[in-house]
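Position chain B against the provided structure of chain A, taking the given hints into account.
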Amino acid sequence: MFDPFTISVILIVIMTIMGLSVGLAMMAGVIVFLLLNGYDTSLGAETLLQGLFNGYTLISIPLFILAADIMNLGTLSDRLLRFSQALVGRFKGGLGHVNVVSSVIFSGMSGSAIADAVGMGRIIIGMMTRDGKYTPAYAAAITAASATIGPIIPPSIPMVLYALISNTSIGFLFAAGIFPGLLMALVLIIMNSIIAHKRDIGTDEATKLSEFPRVTARAFPALMLPVILLGGIYSGITTPTEAAAVAAFYALVISVVAYRSVSVRQFYQTLVQSSRSTASVGILVAGALAFNFVIAREGIPDSIASYLAQYEMSKITFLITINLLILALGCVLEGGAILLIIVPIFIPTAQLLGIDMIHFGVIVLVNSMLGLITPPYGMLLFVVSSITGTPIQKIIREVLPFLLALLVALVFINAAPDFVLYLPRALGYQG
Amino acid sequence: MNAFYSINNWLYRRAENLMALLLGSMFLLFIVQVFSRYVLNNSISWSNEYISIAWLWSILFGYAFIVSDKQVIRIDMVYGAVGPTTQRIMDGVVHSLCALIFLIALPDAYSYISFMAIERTADMRIPFSWVFSIYLGFSIAVIGRSTGMVWKAITNNKKYLPSE
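Which chain is which? The protein sequence lines are A and B, in order. Under the numbering used here, think of the first position of the first sequence as 1, with each following residue one higher. Under the numbering used here, think of the first position of the second sequence as 432, with each following residue one higher.
Same shape as in the complex, but just chain A (with noise of 0.2 Å):
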């Protein structure tokens, strides 16, 4: 009735529709695959396990989320968002360009949205809600969207995830995430501006000018971060993965020796924390290997390829339908998901198109990005409403005007690749 894969696919979503972690929902999937094929199951596992030994630069990926925790823990973000309060704090809606910019800032140095979201975004509501010039919903709403940029703006844990599966190089596509992160930043500032103003929202207290060189020298060591995890890499004195690690002991050196703020017990807690992140993360990763494997040997992107081949697809319409049907897949799978087990099923039409795979990953990127705040599964919308206690409908009203900015940047983004390619070129990307 039925063949082998469509069976295994079918397995996989009823049961991570019924509640079981995706990536074990992928493995089970890809054991009743080989059973059903009459293969010695143990290919599953053997996949799997050397996929996940050899995966070299999947290594960074506990390193990133290391260094986000140890980041949170100190009082490194209170110093960053004290330099941006400084920096914007004094225009019309005040505190929220300060969190964007923020954002912008701490995305340079965590890899993942909710690290942005749950660290920096937990004292920022705070200040934004503290006088009660913003509401909670508008709070929590604006801390969500500009916590996607995180993953845009290098270093990213879904870059590394993307390089993965398209065999991209980590440098070229942090250096090509770095233009659309600023102008998602932009855009976000500029909604922010015009609901400010709608609203009329009173300007906040400025930081004086005589105390900015102060701020600025207490946020330099945290400030640093970005440019020697970076500069390790394309100066090429570190791998992407060392540079991780890098960044990990960096934040921590200047958590412990210039702020003084991390005991060896924190330490401890954030490692426990930081490890069980991986595992979580990591099991998703280890399903995908092995579901990737089942993908690739019934030749399904190939197939796609040649079917979208007969239809003499052009490039624009394959990117419509490509956007649409991730922003659609988004609002239901969480980001890495999406990135492991549909993306790949695209890259050789990609490819055939002849769409760069630096831009391509970062159209995507963004992409899933917007689905972590679009209702009603947006991942960070349920951060953003545990850390304030707001109903999730109120937050997704408030929300709406910020997807729609981040749209906007994202039509740019397809439409323009010498605007994301051009920092990758600059640092010698033939492409």
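Don't take each hint at face value.
Listed next, the stretches of chain A that the computed footprint assigns to chain B, with coverage defined by at least 3 CB atoms under 8 Å from CB atoms of chain B [what the hints assert, rightly or not]: (1) 41-50; (2) 54-64; (3) 233-241; (4) 245-254; (5) 264-275; (6) 304-316.
Anything over 10 Å on all C-beta distances counts as not near chain B; from chain A, calculated [unchecked claim]: (7) PHE5; (8) VAL9; (9) LEU24; (10) ILE195; (11) ILE201; (12) GLU205; (13) MET224; (14) ARG297; (15) LEU324; (16) PRO401; (17) ALA426.
It should be emphasised that the hints constitute simulated quantities derived from the structure, not laboratory data. For each residue, glycine too, the CB sits at the ideal point set by N, CA and C.
Structure of chain B alone, referenced to chain A:
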């Protein structure tokens, strides 16, 4: 029952210790590796291998023993929307399926991993059967935890399972 929970709690703390040790040692080795390459002009060959093993173990061991059911990445749009009775039925069905599938695959996994004893890692010369053995621990933990979930669904026991 109390003694059971306290032993279990003790084991859970040790599992946490091991996880912290795995991640901490990976982190430290990377730093030592960069330092040794640039400052001492001497690259360590076995460190990458150790790191890969620690990475593999921290995922499979960590998922099996210290990640609770609430922390896993899953899609709870439907699961979260239905009532407690439906949730119990879903838990029962999905976890018995999961336990069954991993149980069926266990003998093949065992024979693959024991077969890998013939191959050793390049630098540290550790048999791959040891490196990969954690997959068996992982599979058994998945079977055990899923069985526990089925039991919880049947008896409607609200209490946390030991593994959580």
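Going through the hints against the structure:
no. : hint    : in the structure
1   : 41-50   : holds (count 7)
2   : 54-64   : holds (count 6)
3   : 233-241 : holds (count 3)
4   : 245-254 : holds (count 4)
5   : 264-275 : holds (count 5)
6   : 304-316 : violated (count 0)
7   : PHE5    : holds, 16 Å
8   : VAL9    : holds, 15 Å
9   : LEU24   : violated, 6 Å
10  : ILE195  : holds, 29 Å
11  : ILE201  : holds, 34 Å
12  : GLU205  : holds, 40 Å
13  : MET224  : holds, 17 Å
14  : ARG297  : holds, 17 Å
15  : LEU324  : holds, 20 Å
16  : PRO401  : holds, 24 Å
17  : ALA426  : holds, 26 Å
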